[in-house]
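> Numbering (full-length UniProt numbering), first residue to last: 1 to 537.
Rather than coming from a laboratory, the hints here were simulated on the basis of the structure.
Keep in mind the model is a prediction, meaning the values are calculated, not measured.
Beta carbons: idealized from backbone N, C-alpha and C, even for Gly.
Mixed in with the good hints there might be a few duds.
Stated by the list, open to error - Label pairs and their calculated CB-CB ranges: (1) R168 - F108: 38 to 48 Å; (2) A106 - D186: 36 to 46 Å; (3) R434 - D266: 33 to 43 Å.
To be verified - Taking lysine-lysine and the BS3-like style, the derived pairs with C-alpha atoms no more than 27 Å apart in a straight line are: (4) K269 - K157; (5) K28 - K415; (6) K436 - K415; (7) K282 - K269; (8) K467 - K282; (9) K407 - K157; (10) K436 - K467; (11) K157 - K282; (12) K28 - K407; (13) K33 - K415; (14) K157 - K436; (15) K436 - K239.
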Amino acid sequence: MPPRCPQQNLDAENYSEDCLFLNIFAPKRVDGKLLPVMVLLYSETWLRGGATLPCQELASEGVVVITVNYRLHLLSLFTLNSVAARGNLALLDQYLALLWTRENIAAFGGDPNAITLVGHSAGADCVLHHIVSPRSAGLFHRAIIMSPRNVWRAVDKELNINASEVERISRAIAKALDCSGKTDRDILYCMRSRSVTDIVSATLNSTWLNNLQPISDNFLPDAEQYLPVSVAEALTSSKMSNIQLDILMGTTNLEAINSHDHYYEDLMKEGPQRIFEYATTKAIPETLRLLSLQEEALSMLIQAIRWEFWGAQTRNEVEKETIAAVEGLARMETSARWGAGGALLAARLARRAMRIYVYRFTQSSQVDIQGRHFNFTGAVHGADLIALLGDALMLQIARRPATDSEKRISSIFRKYIANFVRFGYPDANDGWERYKVGNAYVQEIREGLSNDHNSLSASRDVAFWLKYLPNLSNLLNSREHSEQFTTEKDESRLRGGMVAMSAVSVVLLLLLCAAAVLLYWRRTHRFSLHDDIMNHH
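Given these sequences and hints, build the entire structure.
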């Protein structure tokens, strides 16, 4: 395999600045016909990843598979908001790879008129950017979005990092490397003289990493722009043309457990009490802010969320089992960020794309993408990629062959993907329905399920986060304002006390009703997915 592009953990990687390579996995052709092509983009974050994935088993399904190396970290995202340093270089590397594929893949047995762009994690975010870029139109014909990293940034433009912020970070890093020239070209010339190790170290030692993202490059001349607007703006703009693509997208049901995010690993070491403290003081409030829910009702909403994801068990009962506490936290974050957010993204794509299909991968994980062993009852981040690439990837990351169960789910999932690449739909028997306005069908992927198994957990995610909690928040917030108005008019302390007692009683009654409604929903699972996602603003 060629060297990776410079990134995090440089000492542990075979890396080089001369890293822009393609790997091509091509099966033998039997009848001389050109085969469909998959261009696979893989990076877990914008800071690390590469083209070292083994794709020979995927190619055995009768497709030509290409993996792409592209620039990462500051070498990709550095911008001065000018022609001298434009940013978005990872996307431009991928764009050139798509151009090369269209012009040359026939020599390797691939059909240039049947190219599917596939991305996992930050690679899936890249696919979303290419879908909305006017420059990439016609370079690929189908798209597969696997476990995107920043779903909510694709549906809420207020969450996007603007170009000015990334420019500010870039200039601050340049200054830290003593590159403060008079002009942008002076700064860029100086940065090019610094070693890769110094550049990566300067960035890692900062608090800027989470805000290094692709940006809208509308500061460039029109002919030079690759992303005139963000994904979120493009998908809601009346000016954007319909997307002439078939799209397949999906996530795992424990997506939040990502081997490259260390806080779950740290929480596992600290035990259940710390997990609940983290959930109550940080994870749940951050999630509520993500969904723009009223913070005035925070304590009540936290109780509703704990009931949903940790059940009716007492705190002491749950704390006996660290795994259960961690899994509850992961399900909560996954449900809100990828479940509800993914439903909104799928609904917006469904309005514009030719066809869209959605999956939820729920087969229990035995290892993660780094080969570490787990004992969860769900599928962690990367489980769908491991299933797609099968035994070859398992040998690479876990140093063991896949189990019989892992081989079976891999075969099932690969068949779905190969069908989509060939025909534009994953199931030749029509069991897996399209995701449409009025029929938000999500196929659950797990061993032993039929090919027409609609995921009930996907419906619950939407109902809980986009309907139930907003309604509860509005009720509690309305009651609080009513109480404030009443007590300000009271002249009698006794009367004020009676009003306060009544208010407490009403709030407790609301909480009891909310718990009853939630319990009913947990038992029936009958939710109106379409109404919830279409009415969410």
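> Give a verdict on every hint.
Tested hints:
1. Taking the beta carbon of each, R168 and F108 are about 44 Å apart, inside 38 to 48 Å as hinted.
2. Distance hint check for A106 and D186: the Cβ-Cβ separation is about 45 Å, which falls inside the suggested range of 36 to 46 Å.
3. Our hint of 33 to 43 Å for R434 and D266 holds, since their Cβ atoms are close to 41 Å apart.
4. The suggested pairing of K269 with K157 is violated, with an alpha-carbon distance near 36 Å, which exceeds 27 Å.
5. About 18 Å separates the Cα atoms of K28 and K415, which keeps this hinted pair within 27 Å; it holds.
6. With a C-alpha separation of about 23 Å, the suggested pair K436 and K415 falls inside the 27 Å cut-off, and the hint holds.
7. This hinted pair checks out: K282 and K269 have alpha carbons roughly 18 Å apart, not beyond 27 Å.
8. The suggested pairing of K467 with K282 holds, with an alpha-carbon distance near 22 Å, which does not exceed 27 Å.
9. Taking the CA atoms of K407 and K157, the gap is near 40 Å; set against the 27 Å cutoff, the hint is violated.
10. Proximity of K436 to K467 is assessed by CA-CA distance (about 20 Å); at most 27 Å being required, the pair is judged to hold.
11. Taking the CA atoms of K157 and K282, the gap is near 23 Å; set against the 27 Å cutoff, the hint holds.
12. Of the supplied pair hints, the one linking K28 and K407 holds, its CA atoms being roughly 23 Å apart against a limit of 27 Å.
13. With a C-alpha separation of about 20 Å, the suggested pairing of K33 with K415 holds against the 27 Å cut-off.
14. A C-alpha spacing of about 23 Å is found between K157 and K436, which places the hinted pair at or below 27 Å, so the restraint holds.
15. This hinted pair checks out: K436 and K239 have alpha carbons roughly 22 Å apart, not beyond 27 Å.
The structure shown violates the earlier hints numbered 4 and 9.
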